[in-house]
Amino acid sequence: MILSIYHEIAKMASQKKHYIMLLGFAFLMALMVFVFWKFQDKFQEAAGGMVNGMPYLMKMTVLDPVKLCDGLMFARFSCQILFWVVMPIFAFMFAGESIACEQQDGTLRAYLSRGFSRTQFVIAKFIAVFAVILFYSMVFAALTLLIGIVFFGFSKMQITLFMGVPGEFPSAGLVSAKKAIASYFLATLYSAFALSAISSVSFLISVFVKRMTVAATGGLVFFFVSFIMQVVFSQFTEEIRPFLITRVMDGYSQMFTIDAVNWDSIIKSFAVMCIYWSVCVATPVVVLNIKEY
Amino acid sequence: MSDYVLTVENVVKSFGKFRALDGASLSIPKGCIFGIIGPNGAGKSTLLRIVTSLAHPDSGRVTVNGINVEAYPRKALKGTGAIVDSPAFYPDLSARLNLDILSRGTGRKYRARRDELAEYTGIAGWLNHRVREFSLGMKQRLAITLALLPDSEFVILDEPTNGLDPNGIVDIRNLIRNLGAELGTTVLVTSHMLGEIEKICSNIAILNHGRIAAQGPMEEILRRSPVTLICTTEPDRAETLLKETFGPRILSVSTKEDGVLRVETASECAAELNETLVKNGFPVSMLENEPDRLERIFLELTRGESTVRNEVRS
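Protein chains in written order, with numbering that gives the first Met the number 0: chain V, 0 to 292; chain C, 0 to 313.
Hints listed in this document are in silico derivations from the structure and should not be mistaken for laboratory results. Among the hints, a few may not be true.
What the hints assert, rightly or not - Simulated DEER-style distance windows between Cβ atoms:
hint, chain 1, residue 1, chain 2, residue 2, range
1, C, 11, V, 105, 22 to 30 Å
2, V, 0, C, 267, 38 to 46 Å
3, V, 22, C, 176, 35 to 43 Å
Stated by the list, open to error - BS3-like mimics (lysine-lysine), calculated; alpha carbons at most 27 Å apart, straight line:
hint, chain 1, residue 1, chain 2, residue 2
4, C, 77, C, 29
5, V, 290, V, 209
6, V, 290, C, 198
7, C, 29, C, 74
8, C, 255, C, 278
9, C, 16, V, 209
10, C, 16, C, 29
11, V, 209, V, 16
12, V, 290, C, 255
13, C, 242, C, 278
14, C, 108, V, 290
15, C, 74, C, 16
What the hints assert, rightly or not - Among the chain V residues that face chain C by a calculated CB cut under 8 Å, a handful are:
hint, residue
16, 109
17, 113
18, 114
19, 263
20, 265
We treat Cβ as the ideally placed atom computed from N, Cα and C, and that holds for glycine.
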């Protein structure tokens, strides 16, 4: 199995879409630095009065308000967009390509014609997709933090508030930078798991189609439909909301609240992830073992 | 232990109403180079797919080295390397990594054999190059190397000379021939190029309409109603003489437009024909077996049916 996973990672590492991914990340970072720079100015201007309708935020701290917008704050802010928008697209691409492209190129037939285990093939692929997502999540999180520190410095104390669940802001507080960084990387780790669950939809589709674009687009559509169901039609989807794939990503936002993590919700999110993993891996295993090539 | 590497027994495979294989049976002895020929839609690819466990037969049995492929695919195909359809590789990976991934080979012994085989097939200098840079001929060589890895004793090659230039065809032909002679590998090869099959294979099977129309050693197949071309004076009289002398052993005699006698006999008797003509005062300036004998036998066995079949499919 380890050899299979290594081979799958080697295949994925050879793809050219890594350059696109890095380019996308670089573009996002440039944009975020610009936006945060502007945000920092506005933050300072408003420091004496209201800040996003929360004047208590400034009153409760003795810190220089500018210092609140430091590198870690920048990283937390940027990663929200990175993990909600950019990374899902790449995760869908990697997962969608995994089996579909092999079918299209004929390499799947070459591999299976030797009687190798098809179950092992699917599981190795899925683990490889997760490994790549985890790798990029961690690397991008670290790079984002580094860029933030280079451009905006670093405070010894961090404010807990900023990235709570929309509409569910916890009360603001201060934590040590050490704890804030630990929380930041824990949230990143969680996001890698969540992205793996999200991308499993594309993985599932990829066993039925021969084109990566179809599988990736299928996953994206599922993601956006889930998002719309959760946000726009939330009042009509109360029963299914816990099972929506976008709901899983909420856990990521919750992790950023640092000292007010709702562990019960996180565990529920992992349970939902397990459902997605099970269905989206078991189905390709069954299909691949039955299907003729 | 079975004397046959591959046995196919009454295999039936249908796709909807179309019956691709209709009770096909064949046996491939160890150490031979076995060719399967057949018209388009005869069921060659379907047969190979079933042999390599890519498809499941509706009924019948396929065994490799005595092990049922359907029941134990991994065990049965352990010493089998197959290239079904055109060779497919990961274009952005090196040839070396392609071989490692697709053969799942690992360890020092494997690496030594991989490098040795790469040397043998002539791609040793290209192992670190990406497959994207390979020509079709190089890909075929890589495919053959892959089929031989990690330690295959039975190699299946589907149309290995497809799309190659004449030099490439000769190279691949020699390579396949040597696999049997030097490495003792049993090779199953399919091709539309009958001349190639005739030159490469020691045994053949002619597949038509999903059934094996004929199979056996090449010489035996070619010995079926051999045709001798004879160039002599007075071909009309010579024709009469041969008919009278050989009687039912001669299936047909005709004189071609260029005056060459075309004699189809029930068995090989070119020497006797020559002797009879010379003894009776007919100087023989040329006597040879008709070329493309396999093509003629192939057409005799498959003529008509493939046309009907194609019509049915469309």
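Hint by hint, here is what the structure shows:
1. Look at residue 11 of chain C against residue 105 of chain V: about 26 Å separates their beta carbons, and that is inside 22 to 30 Å.
2. Taking the beta carbon of each, residue 0 of chain V and residue 267 of chain C are about 58 Å apart, not inside 38 to 46 Å as hinted.
3. A hinted range of 35 to 43 Å for the beta carbons of residue 22 of chain V and residue 176 of chain C is inconsistent with their spacing of about 51 Å.
4. With a C-alpha separation of about 16 Å, the suggested pair residue 77 of chain C and residue 29 of chain C falls inside the 27 Å cut-off, and the hint holds.
5. Pair hint residue 290 of chain V plus residue 209 of chain V holds up; C-alpha atoms about 13 Å apart against a cutoff of 27 Å.
6. The hinted pair formed by residue 290 of chain V and residue 198 of chain C fails the criterion: a straight-line CA distance of about 37 Å is larger than 27 Å.
7. Taken as a hint, the residue 29 of chain C and residue 74 of chain C pair is honoured in the structure, with Cα atoms around 18 Å apart against an allowance of 27 Å.
8. Between the alpha carbons of residue 255 of chain C and residue 278 of chain C the distance comes to roughly 23 Å, so the proposed pair stays at or under 27 Å and holds.
9. At most 27 Å may separate the alpha-carbon atoms for a hinted pair to count; residue 16 of chain C and residue 209 of chain V meet this at roughly 25 Å.
10. Between residue 16 of chain C and residue 29 of chain C the CA atoms are separated by roughly 36 Å; this puts the pair beyond 27 Å, and the hint is violated.
11. Taking the CA atoms of residue 209 of chain V and residue 16 of chain V, the gap is about 18 Å. The hint holds against a cut of 27 Å.
12. For the suggested pair residue 290 of chain V and residue 255 of chain C, the alpha carbons sit about 55 Å apart, so the restraint of at most 27 Å is broken.
13. Of the supplied pair hints, the one linking residue 242 of chain C and residue 278 of chain C holds, its CA atoms being roughly 15 Å apart against a limit of 27 Å.
14. Among the hinted pairs, residue 108 of chain C with residue 290 of chain V is inconsistent with the structure: their alpha-carbon atoms are about 34 Å apart, more than 27 Å.
15. Of the supplied pair hints, the one linking residue 74 of chain C and residue 16 of chain C is violated, its CA atoms being roughly 32 Å apart against a limit of 27 Å.
16. With its C-beta approaching chain C no nearer than about 5 Å, residue 109 of chain V sits inside the 8 Å limit, and its interface hint holds.
17. Proximity of residue 113 of chain V to chain C holds as hinted, the smallest CB-CB distance being about 6 Å (cut-off 8 Å).
18. Interface restraint check: residue 114 of chain V against chain C, minimum CB-CB distance 3 Å, threshold 8 Å, status holds.
19. With a least beta-carbon distance of about 44 Å to chain C, the hint placing residue 263 of chain V at the interface is violated under the 8 Å criterion.
20. A least Cβ separation of about 37 Å between residue 265 of chain V and chain C goes past the 8 Å threshold, and the interface hint is therefore violated.
Checked against the numbered hints given earlier, the structure breaks hints 2, 3, 6, 10, 12, 14, 15, 19 and 20 and satisfies all the rest.
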